[in-house]
Amino acid sequence: MKFLPAKISPILLICGVSFTALALTHSDDISMTPHSEMQMGFYDLLSHKKEIYDVRITSTHGAVISTITNPNDNRFIFKGKFTVEAAKNQQVNFKYTPIFYNNPTSGRMIDGFMDYMTHNNIFMTPMTVAGQPLLYGLSGIFLDESNMTKGKD
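Numbering (mature numbering (1 follows the signal peptide of the UniProt record, and there is no 0)), first residue to last: -23 to -1, 1 to 130.
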């Protein structure tokens, strides 16, 4: 048992280097997309309430600027900056900095999401499913709909 840590150390070192390389590859993919539009939604099972928001994301040098609006209430607007930080375990870490937030109505589900982003780092795992970019995080799944075809009548 004394020699077991000596045998595991090179394996851990190789795994660490591999995961770092994969994480850096994924963070490069995110920074290459200059502009994206999608929808984000919240649904409360208990009260059967739902909220839908339009999201516009623009990549800048080392950061992502996000604008969230409510299609049902043009008074609601959120603008924030997400700075990409060191990634690990194939995840991308974003640090959120608020730029502008106007929510004239209190008690929305998005308030909890904004509070979470303000006080915590956001960890997302990028992946592609059937050619569709997907970011999966603790707060839900975000789909990029820019490549999806819309049905025509």
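In short, the hints are calculated from the structure, not lab data.
Nothing here was measured: the structure is a model prediction, and the numbers come from that model.
It is possible that part of the hints are untrue.
[As the list claims (entries may be wrong)] Within a straight-line C-alpha distance of at most 30 angstroms, the following computed DSSO-like cross-link-like pairs (lysine-lysine) qualify:
(1) LYS27 to LYS72
(2) LYS58 to LYS72
(3) LYS58 to LYS26
(4) LYS72 to LYS56
(5) LYS56 to LYS27
(6) LYS26 to LYS65
(7) LYS27 to LYS65
* Is the Cα-Cα distance between LYS27 and LYS65 30 angstroms or less? -> Violated - the C-alpha atoms of LYS65 and LYS27 are around 33 angstroms apart, more than 30 angstroms.
* 30 angstroms Cα cutoff - pair LYS27, LYS72 -> holds (27 angstroms)
* Given the hint that LYS58 pairs with LYS72, test it: the Cα-Cα distance must not exceed 30 angstroms. => holds (8 angstroms)
* To do: Would you check the hint for LYS72 and LYS56, treating anything up to 30 angstroms between C-alpha atoms as holding?
  => Holds - the C-alpha atoms of LYS56 and LYS72 are around 14 angstroms apart, at most 30 angstroms.
* Below or equal to 30 angstroms on CA atoms is what counts here, so check LYS26 against LYS65. => Violated, because 36 angstroms separates the two Cα atoms, which is more than 30 angstroms.
* Distance restraint between LYS56 and LYS27, which requires alpha-carbon spacing of 30 angstroms or less -> Judged against 30 angstroms, a Cα distance of about 21 angstroms means the pair holds.
* To do: Verify the proposed pairing of LYS58 with LYS26, using a straight-line Cα cut of 30 angstroms.
  => Status holds; Cα separation ~28 angstroms.
Checked against the numbered hints above, the structure violates hints 6 and 7; every other hint is satisfied.
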